[in-house]
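Enquirer: Let the hints inform the model, and build the full structure from the sequences given.
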Amino acid sequence: MNSRQLIAIAKRAGFWALIGVLMVYAIFPFYYAVITSLKPASQLFRVDYWLNSVDFSNYERVLTQGSFLQAIGNSVLVAVCVVFIALLLGLTAAYALGRVRFRGRNSVLLIVLGVSMFPQVAVLAGLFEVVRVLNIYNSPWALVLSYTIFTLPFTVWVLTTFMRQLPMELEEAAIMDGATPWVTITRVFMPLMWPAMATTGLLAFIAAWNEFLFALTFTLTDSQRTVPVAIALISGGSPHELPWGTIMAASVVVTVPLVVLVMIFQRRIVSGLTAGAVKG
Amino acid sequence: MASVTLNKINKVFGSTHIINDVDLIIGDGEFVVFVGPSGCGKSTLLRLIAGLESITDGDLKIDDDVVNELPPRERGVGMVFQSYALYPHMSVYENMAFGLKLAKTDKQTVHERVMATARILQLEELLERKPKALSGGQRQRVAMGRAMAREPRILLFDEPLSNLDASLRVQMRNEIARLHDRLGSTMIYVTHDQVEAMTLADKIVVLKGGHIEQVGSPQTLYQQPATKFVAGFIGSPTMNFMPAELEDNPAEGCRVRAKGIGALNLPQDASAQRTNAQLTLGVRPEHLRLAPAEGDNAFEVVNVEYLGNEVYVYLEPMEGRTLLIHRSEAPCQWQVGQRAALIADLACVHLFDGNDHSLAVRKTSAAA
Ligand SMILES: Nc1ncnc2c1ncn2[C@@H]1O[C@H](COP(=O)(O)OP(=O)(O)O)[C@@H](O)[C@H]1O
Ligand SMILES: [Mg+2]
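Taken in order, these protein sequences are the chains called A and B.
Per the UniProt record's numbering, residue 1 is the first one in the first sequence, and the count goes up by one each step.
Per the UniProt record's numbering, residue 1 is the first one in the second sequence, and the count goes up by one each step.
There may be inaccurate statements among the hints.
As the list claims (entries may be wrong) - Which residues of chain A face chain B? A few of them, derived with a C-beta cut under 7 Å, are:
hint: 1; residue: E172
hint: 2; residue: A173
hint: 3; residue: I175
hint: 4; residue: D177
hint: 5; residue: V188
hint: 6; residue: M190
Keep in mind the hints are simulated off the structure, nothing from the lab.
Keep in mind it's a predicted model, so treat the numbers as computed, not measured.
Glycine included, every Cβ here is placed at the ideal spot set by N, Cα and C.
Expert: Encoded structure:
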């Protein structure tokens, strides 16, 4: 075996070792959550990295709580509304910013991006006033409103960039066919923008699903809460006990849908991107 | 079917004047070709007619109606784009049906029209395919089908063949010509290729820098170019130009002297020119003959190109620019390095004044 082969083997080994480290780094916390959720409460503080027995009592406790199911319902409602509104407004804004020539177009785009740079806390007080005036405090609509504000800049930015890449002649062909801007957007551009819409929609969904600060601030009662707050507020039998097993089970329950969503759309995103790369 | 009238049409983009006072009448059923070098405003003029650009000044009429303010769909025009711009996510059928559906045509009629168009363009087998599964020539036909399906009064083409390879281009050119005969609709066609213009057009519009240089039939443009620009643009290989000086009294006859050729008595009317005016002589390669050199009126053969059916001989005056001769019938006895005298067919020689305008042939003594 000569030295060149040795180096090649070492490189391969290093490569896989690096991948292994990354995998552990990325997956271990989630893995540990799953393990913990499947342990009975009595074994909680024994540190094990393998599961000896499977115990679903934590899941049972979570899923029989009416308020937790209600929270999941609220989260789904909020996230779906946010995605829908963000994509609708994002697409129409992208058409205006990407396709219609008007004075100050680029400044608008920069302002849109600038808005997204404020930390959440900075706008919390102002947003609270808005929520109060609109009389949507302690309702999911307060969250839909605030999440949309934070999701839109990114959505608009990505969709605008994508729309600018679509050939001008395509839109002109639609105009010659008698299409109004709305018809052009929905029947010509939208089918071609699937990859971008899947990506931005998914990110908006995840952001809305996991958001904590606004959810905590704008809702008051159990029936209006979303999942992250509901999980945080899960309490044990006594004030001194944190029911980790239940919390982990709840976390797994709400994370699995996200993982599934990503898996489904990841295919779409990849296939859509490669299909769009070849001129058709 | 419709006529189109352009009346002092102007287009300004920002501060640049792209189209300058264009007047043009396009007759019902005519095939008109806009031709000119890249950037001369051909596409812009076509897009003004389509309604994709707004007219800065002037009137655009289709039949008897001023349509300046009408959106494209109400003008009754269809357009074929250079990149085809087919909807990638729709099948061939859907591409052609899209405009009809948007016009709220009933289903039965949509189907009939699409099928009829597909039959004309031989697309029947391809109706279910997506554009990416089509060859270049097929995409081109679908693009035409989409423009035709709504039965527009006027069909517009913007360099439709420029993305095809040479042999396919000749074939599609032929199909477009036959399509025009068959449909009989008014067609306006933009190209920078003078061969396409010559072969397709009833009427050619030569554009240069946003204004019309000359309008006429292919034959008129070839035989009587109004300016040096048109003379150089139409015809391949391009016309030979050389400086010439007017001799004698211009009122009596037109006698010019060109370096390397000597004195020529031309049929042109030079009465408006000064004696010794500096003119430009233009002779097409096919109107030159070569003879063995005698005296100092000689050119040197610098290159001979054999094309099978014809031969191009490139000649250079003893000092100065390159000229070119076209002769049919190989073989050719001329070889590089030989000296030859040029004999021009005087009836086919063109003469341009200092402003590059063509001098007309005298009425009385017009040469046969
Ligand atoms: N939307 C536009 N804005 C500014 N200038 C334009 C626009 N469209 C075309 N032009 C300019 O007008 C001139 C003519 O363009 P065009 O009509 O496309 O030429 P061509 O004869 O090659 O088709 C070019 O110099 C081009 O840069
Ligand atoms: Mg052009």
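Enquirer: Quick one: which hint numbers does this structure break? Sort them smallest to largest.
Expert: 6
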